[in-house]
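Participant: As a plain string of letters, each chain reads:
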Amino acid sequence: MKNHLLVFLFFILGSASVLAQNVITGNVTGSDGVALIGVSVYQEGDPGNGTVTDIDGNYTIEVPSGSVLIFSYTGYETQRIEIGDQSVIDIVLSQGVALDEVVVTALGIEREKKAIAYSVTEVDAETFSAAREMNVINSLAGQVAGVNVAQSATGAAGSTRVVIRGNSSISGNNQPLYVVDGVPIDNTNLGSAGMWGGQDWGDGISSLNPDDIASVTVLKGNSAAALYGFRASNGVILITTKTGKARKGIGVEINSQVRGESLFNLNDWQTEYGHGRMGMKPTTMAEAMANGLYSWGARLDGSNVIQFDGVERPYSYAGDPQSEFYRTGLTFANTLSLTGGSERVNYRFSAANLSNEDIVPNSGLDRNTFTLNTNAQLGERFTANVSATYVNENAQNRPRLSDSPGNANFTVGLLPPSIDVNDLRGDENKLGAIEDGTELQFNDNVFVTNPWWAAHQFEANSTKNRLIGNVRLRYELFDGLYIRGRLGLDRYDRQRRNLTPYGTAYSTLGQIDEQSTNFQELNKELILGYDKQITENVSLNLFVGGNQLSNRRENIGASGNNFAVPFLHDIRNTSNRSVIYDLSEFKVNSLFASAEIGLLRSIYLTGTVRNDWFSTLTDIDGITDNDKTYYSGGVSVVLTDLFDLPSAIEFAKFRATYAEVGGVGAAEQPYQLSLAYGVFAQGHLGQPLGGIINNSIPNSNLEPLTSKEFEIGLDLRFLDGRLGLDIAWYNRNTLNDILGGAVPPTTGYDSRIVNIGKMDNTGIEFLLSANPVRKNNFRWDVSLNFSNNQNEVVSLLTETQEDQESIRVEEARTRNAYINHIEGLPYSQVMGFDYARDDAGNILLDDEGIPLQGELMAFGTGVHPTAVGLNNSFTIGNFNVNFLVEGKFGGYIYAATNAYAYSRGLHKATLEGRESGIGNVAPADLENYYSRIYNISGEFIEKADFIKLRQVVLSYNLPKSLFGNVPIEGITIGLAGRNLALLASSVENIDPESTYTTGNGQGLEMFGVPQTRSFQFNLGIKF
Amino acid sequence: MMKSFGKYILLIAAFSIVLTPSCDDGFAELNVNPGAANSIDPGFQFSWIQLRTSGERYENWRAALIYSSMMVQHMAALCGYWSGDKYTYNAGYASSLFDRGYPQQVKEIQDLVYNLETTEDADFAMLGMAKIWRAVIFHRMTDMYGDIPYFEAGLGFIEQNFDPTWDSQEDIYKDMLFELEEAVGLLGSGTGFGSADFIFGGDVEKWRRFGNSLMLRLAMRLSEREPSIASEYAGKAISGGTLLDGDDVFLPHTNGPEGVNMNGIGEVLDKSNGFGDDCPRLSQTLVDWMLATGDPRLDVIGELPANGGGHNGLPNGLDEMLIQDNPTGTELDDFDRVNPLIVRVSSPMAFMTVAESRFLEAEAALRGWGSGNANDLYAQGVRNAMRIYEKYDASLAIDDAAIDAYLAANPFDGSMKMLGEQYWAATFLNEYEAYSNYRRTGYPELVPTNHPTNVTGGTIPKRLVYPQGILNSEKFQEAKARQNLPDDFASIMTVPVWWDVN
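The listed protein sequences derive, respectively, from chains A and B. Count along the first sequence from 1, then add 311; that gives the number in our numbering. Count along the second sequence from 1, then add 7; that gives the number in our numbering.
Everything labelled a hint here was simulated from the structure, so no lab data went into it.
Each pair of labels, with its calculated beta carbon distance range:
| # | chain 1 | residue 1 | chain 2 | residue 2 | range |
| --- | --- | --- | --- | --- | --- |
| 1 | A | N1153 | B | E231 | 41 to 51 Å |
| 2 | A | L778 | B | D48 | 42 to 52 Å |
| 3 | A | L778 | B | A129 | 45 to 55 Å |
| 4 | B | E231 | A | E623 | 56 to 66 Å |
| 5 | B | A408 | A | R1119 | 53 to 63 Å |
| 6 | B | E481 | A | K1019 | 30 to 40 Å |
| 7 | B | L329 | A | I882 | 36 to 46 Å |
| 8 | A | S1011 | B | G449 | 50 to 60 Å |
| 9 | A | L1155 | B | R374 | 38 to 48 Å |
| 10 | B | Q167 | A | R1119 | 17 to 27 Å |
| 11 | A | I882 | B | E481 | 45 to 55 Å |
| 12 | B | S402 | A | G748 | 25 to 35 Å |
| 13 | B | D48 | A | L1155 | 51 to 61 Å |
| 14 | A | T594 | B | A313 | 20 to 30 Å |
Positions of the beta carbon are idealized from the N, C-alpha and C atoms, including for glycine.
Based on the sequences and whatever the hints tell you, model everything.
Facilitator: Encoded structure:
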């Protein structure tokens, strides 16, 4: 946009000059033959003399003879044509990597790529639309060096954890800021599972429709994100949505997709011994009920053995419960978009629908998205842009995870081999129920729920309506000086209903929870900027500005239990009810400035400064320090422009930068400065109740964390751009991180809020890209991205508390494995109990010959330090084939699935000793033996290294000639697959990407939704 | 050009308007939580603390029922996770009272006592009641766990004490006795909490008597370890005046609306209210003892087996497999459930009964530490113990004739054994206390079970186990050494607490 405008201005100013002129006319097209509208055409050395191409790609310009014409267009390689005596010059611009490429940077300011002193990576729209994911951000996995996209095992409507360059906050948010067309959008996870179970209620970024994305820019480091101040420390992902273009008529584009997902079953359980205990088959119904969860029975022999329902069935392998229970997931997605307009006003409208059935029966997601994006050139100096996205999302039955109550995955994952999951179906008209409509129980532990009942009778539904809006006005005061105002709104309401139905074994009268969340964030920003090439050798880009942010989140609801009328699942039908109400409000005001000075078009010095004032750090007396200053500085040097380098080196840029920025933690959490009492007005026997509401010891002197990062990088291109290397090294120190500092529960509190955390991240990342073959009809591109991040938790608490060097983040449901942050070790250590060992390391046994539990120890980080993505793309004529292989290495996971499989006698390892015992342990006591090992949780902590065939995309552009006179501009057909193969894995029975939460406690697995592989068919038609 | 300049100045002006006034205008007001207060009425807080001490389903299920009621053989269960009569170690169950006690009870009572002590013109009766209640909270925890943080506990905010020292049970007991004496003295002036006190409606006189009876309970706890202290405080308590007939320390609960309003034991066992853990049955030990003595309470606490027949207790230490060889019944429905009328979510929670006080007074009399006639005190104890059930449901009243007949058939023989057994029967549903008095006196003479999975070498556990997370802390190491605790968590259960000489 800005380029057009500048050129427009240049044109106006330039028209004043009068010289001997040649009139040149011509037409500019892309390599596909389609006219390019709005291409800048100007005279080299006198950018004031320029024009832009019209709606048919035509231009006319007067230039002195012997001068040079520059053709420049965003996203295309700039061309330079010396004028001879021609009067007609037709130009074909090719897309691709151009040296003077422009990128979108912080606050939506477009900059020349070579001027940038920090690492920034652009990802094109194809990445998100060619092989789709339910959560659009999953498509970034393996694509960008240093961007760690960790999927979770939480179902189709679940959330994803994205971390750039390692975790920078010990207990605060570590996910990047998402900015859509200049509007920061909320990505809060609206509820996740923990040790006691629960569902993943989804995140914010998943609302976006991949068909609306034009490009994504990843601002990885502090410097890149510095202008976002207190929200910069986790990096920023800038998403630019598609806009309209001046064109003839209305452009219609239809994208349709159908996607099937199938279970990726990794459970490899024993199928030789059936339900029972102590090596025996059950003989009574009560015994069968009591043993419903245990596979410690006799060897399967086909004899008739009683089961939970009193029916005798053959004591033989009943088949894999997972493949019987889960279904094939199915997703349909359609987007219709209309574009059009003139050079003055253009628009794009899109309507999209997505309909998904998850592999968990009765679970899925529907989403409707509408967007409108308009640009207007109102007079010579005034431009306006208005865009709005409305999303309506309905998720049905978000699956329960982790702990067993209501979690179908738990039951299905642990069913004894001799029990057929279909025998638990019960009433076909009410799955999982018996005649009276209550849960069909198959074991005597009421907390292990019948999976059919869990899937079909439980409810965990949510509806979200979201509006993301953006109004941007820009006025060109005079040559190079502009003022820009922007209003950005992100607003949603979300209703959720969480039902434990009447008749559930562990809650026979049922429970319900209905909540409504209203969220709004409004940003008002004003910028005054100056952007000009002052002389041939000096350019300036300056701006100052301010932003006001106000954020409000309100949660209203009611929960109730004990339905009075059976099966009438309405909150008003509950006997006991309580009110839920939470309000959180905060504001941040900011002033900022940025300066970039370009020298010799090859040396660029940049600096930014920003000051943020926080309402959350303002106490009632106004005594506390409530503001922070952030800054950055950097230099970029284009070596190839300054020095004579070997001709093989086409381009070489060195950059270095340093920045101090903030992190969101305290800035976005109000009311943390003082002790407060809550009043529980429902009271007791007419008396009000009241008590302390803080679970953490409050601290009136809080401040947001500070993150300091130094980064250097080298950008090299060789051999006519056919080989490229973009490499960066960084060192980032987080200081004053706000911790729920570990305090023992005997203080009365969970933790104390304190600015004490220190953490370091040092890493290297590179992108090596090559174009080994570039022939007329065949092109092969290969890129390899690599990142390695070394994280160290430097300090958790003050030196006076030397004994507390560890804080617990998560605990596994088995209560013997944990995620701790530990001083001197990387973030998120997976902790478990080792075997008790003698000095020589031999495992110690107790009197009965059963291994003893030893010390609690840290096995390693739950976050992979190393990630590699290898992308191969082959273009043969109109065919394109793309493979992405991703590997992550060095992280650990506690597989609770394996722990349970030991104690339940399902794991293949438990076959040892069934007939003859182990040492002194008799076969009948094996359960004790393996149950002890269940508590020696280190046995189940393994490296979670993996290599996955992340995606294969096959696409075909139908040749234009096929369409003849039919008014079709293009048809693209694509076949794609995601997560097709687990090529290597260091953990058994589970997918290494199986965590049940996207929170900070990474490295715990427990009965999430199994991973899937998807196959998809895409059809895109342009009219 | 001048025109442009004019516009420029206008825009700069507009700019200033957007960004001024000062950059943090209105921030202080915005940062005040609209849903909370900076101070609280002490009555609201005392009400809250009483309910939190009564506890949630969480710790009542785990520490009180799954462990305590099973270890003392009040109840029995076949379900594997009912660890208490199989002597298995479940870390989360064993630490549950500790896990909930400090954040939910200790934090609040310390805050209340601190605020009352630092407020000018504070009501002394309130302070007295708060201090008595503090002893209720702490003695239960030290009885279950041994050495615990006491003097510095729960002061994370008030004194910014982030790592409390662990105190010996000896020091804790001595201080609690001292505090109780002071608290009873404080009750001489002021008005107290009034109706915010759910137990006695703020009756200062009843609180004074409760303070003395609690002092007696704590004093007698030291009977074997520190007889001189025990006799000194038992004497003070008895001469100060203990609970009068009918003044049982019961906290009334209701059917909701929230968990905090309900009886935590009811939340586990009240099937009519949708929770219903159907694992436990009355223990054979308790049922047989009551059958042998013709105890009219058996019809009150037990519900006849669903499969018919007379009262029948489930033997402890069995599971679904082992029950198959049991001569008195092979399935759960062959045995007595706990009468649903006494384990409703609206049932009162018992902290102390008059009966317990009388049995301790009788014991003191036998030991020569207090006045009174042991025979009379025994009879009063039994009479009070029989009458508590009418507080659960009017239909459960045991008439005087039945009590008289029982006393006639079971006259006091002057033995500690008989007092211990009656105390054990009287503390049904006050399981923490039942477990402590059993450990102190060794009565009733329970036969330990020997389930194949037990981790105690076939002995009844001597205590519960601290949360595992705390066992690595440096401050804890002193307490660990002082108590000679083993490294293995499960084995901690076999180590007696300080006052337990058995």
